[in-house]
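These protein sequence lines map, in sequence, to chains L and B.
So the first sequence is numbered by my numbering: it starts at 1 and just counts up by one.
So the second sequence is numbered by my numbering: it starts at 1 and just counts up by one.
The set of hints was computed from the structure by calculation and includes no laboratory data.
Predicted model, so just to flag it, every value in this text is computed and none were measured.
Treat the hints loosely; a few may be bogus.
Said to hold, decoys possible - Just so you have them, the derived chain L footprint on chain B, three or more residues with Cβ under 8 angstroms:
id, region
1, 318-331
2, 358-366
3, 377-389
4, 568-574
What the hints assert, rightly or not - With the C-beta cut set under 7 angstroms, the calculated list includes, among others, these residues of chain L facing chain B:
id, residue
5, Pro188
6, Pro198
7, Gly199
No residue lacks a Cβ here, since even glycine has one placed at the ideal position from N, Cα and C.
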Amino acid sequence: MSRHAMSARNAHRVRALAITKLVGASIFLAGCAKDAPQDVFQPKGENAADINNLQYMVFGIAGVVGVIMTVLFVVTMTKFRDKGQPIPEQSHGKPALEITLTIIPALILSVVGVFTFRGVFDLAETKDTELVINVTGQQWWWEYDYPVQGDWGIDKPIITSGQLVMPAGTKVLIRETSRDVIHSYWIPALNGKRDAVPGRIHTLRLHADNPGIYAGQCTEFCGLSHGNMRMEAVALSKEDFATWVTNQQAAYKEPEKDSLAEQGEAVFLNQCVRCHQVNGLKKADGTAAIAAPDENVYAGAAPNLSKFMSRNTFAGATWDLLKKDCRGNVWDAKSEEFGAKYLEGVSADCLNEVDLRRWLRNAPAMKPMYADPTKLEPTDGKYRGMPYLALSESDIDKLVAYLLTLK
Amino acid sequence: MAIIERPSTELEVSITPSVVVPSTTLGNLRRPVQSTGWKSWLFTVDHKKIGIMYGVFAMIFFIIGGVEALLMRLQLAAPDGKALSADLYNQMFTMHGTTMVFLFAMPMAAAFANYFLPLQIGARDVAFPRMNALGLWFLVVGGLVLNAAWFLGGAADGGWFMYAPNSGPVFSPSNGVDFWTLGLQIAGLGSLIGSINLIVTVLNMRAPGMTMMKLPVFTWMILVVQFLLVFSLPVITVALVLLMFQRSFGATFFDVAQGADPLLWQHLFWIFGHPEVYVLILPAFGIISEVLPTFSRKPLFGYPFVVFSGAAIGFVGFGVWAHHMFAAGLGPVSVAVFSIATMAIAIPTGVKIFNWTLTMWGGKIWFTTAMKFAIGLVVLFTIGGLSGVTHSVAPSDTQQTDTYYIVAHFHYVLFGGMVFGLFSGFYYWWPKMFGKMLNERLGSWNFWLMFIGMNMTFGPMHILGLQGQPRRMYVWTEARAGEGFFNFGFWNLISSIGSFVLALSVLLFLINVVQTARKGKQAPLDPWDARTLEWITTSPPKEHNFDRIPTVHHLDEFFHRKYVEDEATHTMKAIATGEEIVRNEEANAESHIHLPSASYWPLVLAIGVGVLGLGVLYGVPIMVLGAAIVLLSSFGWVMEPSVAEDSDYDPPAGGTSKELASHG
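Please work from the sequences and hints to get the whole structure.
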């Protein structure tokens, strides 16, 4: 085939390429418009909004430059394809043009740089913090520890996991660390991500404009079940938050006499309390039942289950405690109704028993963890994650009934 | 046994080789001077054979790494994938990254560098030919050690970045990470040796008249890369040694309970890891800086700008590592500084894109497959570069880092950039290396399938990342997938389909290679009307590369021997064909060409180092054995003259005209 015929055919291809790109760009835009819970272009608070402004700026600039370059490529390839013209002059470039083309991007980037500089320092500001929450990562769940803060009615520490509950319209500062490997805390609607590094404390500001529930996911690879380490931030109005705080600090409610739940409490005392603390729970002899996760778990902690059914999720926020329609009821609630619905917690009717029972039956089969008792040599016999407990079905029935009382 | 005669070193005068009957005791230790057969490859010190072997090994690992990627895409095609377990998935993405970076991309660049750098500067070989072979064998041994883990308890599972403390013995209890640290140390030795070798070669062995500013851009970029390697590889080696001591000998460099700071590893890794990015991309930039001018029939626009921007990228590339750590908690001052530095590196990169486009501007563009891949690089790298600029804005990056947006970005840069550049190099230089033309029609299919497959696979990942899908998760869930048709499900499926289109395109390339080898058409000496020195010799080049070392007067010397400028019209007038020029060189061949002889020692030494490495895992006796092999081979190497003794050859068969200069 002659070169000319080849080039002519390629000219069509060049045009096809341009069309493909345009179609691609429109699909891209269509793709971004949909509602994914972790979409980075849908800020729901001050910090994320600041970031979003920077995102729009730099994506906008990149987009415009991209379009200009595409036009330049297409024109070059169509205009200068081999149409039988003579071999051109062997020119080696034009320094003035070169320098111009170096200076223009430099100028654009210095403007971007100024805004970036400001953004970085603004987002690191912590002086005006209103509420502090300690966040600790562990394979493969997050623990939230609310230090005593009288202004918020927190007069004894609250320890929860899975869902971070915070007041809306408030400048919250989380102080992150980790008990084992590096994790990363990311609620895209509220702020960018920040790594939780063992031995260090990193701060990250969270702010939600309105009540609602905001999804997140651990974003630093943290081993086997990294894919199963999620989190949710729940923003409540200040009144609802006060209610939540009161409830979290409320005394332990013993299960009714002679109920299935009471038998469940016994199972819990026998099995679960080795790792899981329930504040106020007493042993048969009347002494406090103190969990000792440090003796069984490598990282030294297990989720505190005191008000378990006030949360919507379990096992690293990976499975829902609410059935699908009940979950939708909370997640899709209007912002003014959200608080009341969230504070209802999990009722027997709404409980996602299937997954909870599956978990109690054999946790490591559901979520990969280093929980094989024969392979614990590197950790001196300690587990990383919840082991298989060989519970009988009747024990599971009892436990579910008991867990439902933890509200 | 084939008779191997000592080749004559004089072309014009026929000489009678001295007849020496080797003594029987030395028989087994005669040097492997065969010019054909497997020994001529295993023990060769010829930069071209070594280059081809680098290419073959790199291609094998490209396929292995590709299969790992396909398995991952299979797993992620639908929610809650069941194709791989969490453990296997983690091994897959760790080994995919490691393999593609260390066992495909770097060796493939080394293949081109080894083969073409001496040819482009008019040299007969590299400065240290046996060291060159050693570099290759270190790579091969390193690659084997790395992948041996699959069969010995599971591969490394901490990601190619292997962040501490997740890489520690508690969190990664299999031996995978041990094989990983050992394999990379050995492969790294190979790269380090290779880089020093190539630097010395470029600085000392250029043909007369070839000043640094007449160096072909490919050679320039390779030179910059070698400096990057010399300065960055020691850093990763230190990190690997620390990790090895922690895992195997109870050290506590990354043990937080003992007061270690896990960020130490991240700094060490990325001080190496970021320059490494340019180690991967600059050779491809070099390749297309040869291809674009050739097929535009114009010199590279702004040669000094391209050269200095390449050097600037290399230099600034050492000052941007912490942009991989914007979410790691470095504090605002560091983040702001590295943010600005990252923006700065976009400028020389932009300069290159403009220069390539302006090279084509005003040209006479011939759309061969090589040219299509080169243009593909320019287009796809521009997209990857622009998404890279979006990361330089640190607050914005804290939303995108560790999501699929990053995966999309670096695959546009590395697949769209590097792999397209390498494929451009295959199609461009295949006739030079093997004397046969790759099929252009299959090549065109190869290109378009790869272009479409690449965009289908990695394009949707931009969207997935911005919709909030994190990387390195062995499953994704519908709970976070979003509403509507264009949710995670749709884009993940498209991406998975695209990955198989990509695989098909690579398969077409392999078919093309096989078909060309079996019945490809003979390549003309100058099929592309090329511009640089490697074309002033036969295809494939003779073992001594050039019959006469060319004297260089121009950048693009070959082109200027073929064409002169018409004073009046400033267009170019042909005065000689490439064929005539090569024939003229042959007619004026130099006598007394000295070439180094083959040697066993590089291979033996590399195997010794491999055994020594395995000793770290399997006990002191193995280590001692390895050390003994290393000592023996070092001793043998030192005592060995660079040119084989006459006694290494069989006595002449008598009176026949001999094949010249093809001992390997």
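Status of each hint after checking the structure:
1. With 4 residues having a beta carbon nearer than 8 angstroms to a beta carbon of chain L, the region 318-331 of chain B meets the requirement of three or more and the stated coverage holds.
2. Residues of the region 358-366 of chain B lying with their CB closer than 8 angstroms to a CB of chain L number 8, which satisfies the three-residue condition for coverage.
3. For the region 377-389 of chain B, the stated coverage by chain L holds: 7 residues have a C-beta nearer than 8 angstroms to a C-beta of that chain, and at least 3 were required.
4. Evaluation of the coverage hint for the region 568-574 of chain B: fulfilled, as 4 residues show C-beta separations to chain L shorter than 8 angstroms, against a requirement of three.
5. With a cut of 7 angstroms, the hint placing proline 188 of chain L at the interface with chain B holds, because the nearest CB-to-CB distance is about 5 angstroms.
6. Given hint, proline 198 of chain L at the interface with chain B, holds; its Cβ is 4 angstroms from that chain's nearest Cβ, closer than 7 angstroms.
7. Restraint check, glycine 199 of chain L versus chain B: the minimum CB separation of about 4 angstroms is within 7 angstroms; hint holds.
The structure is consistent with each of the numbered hints, conforming to all of them.
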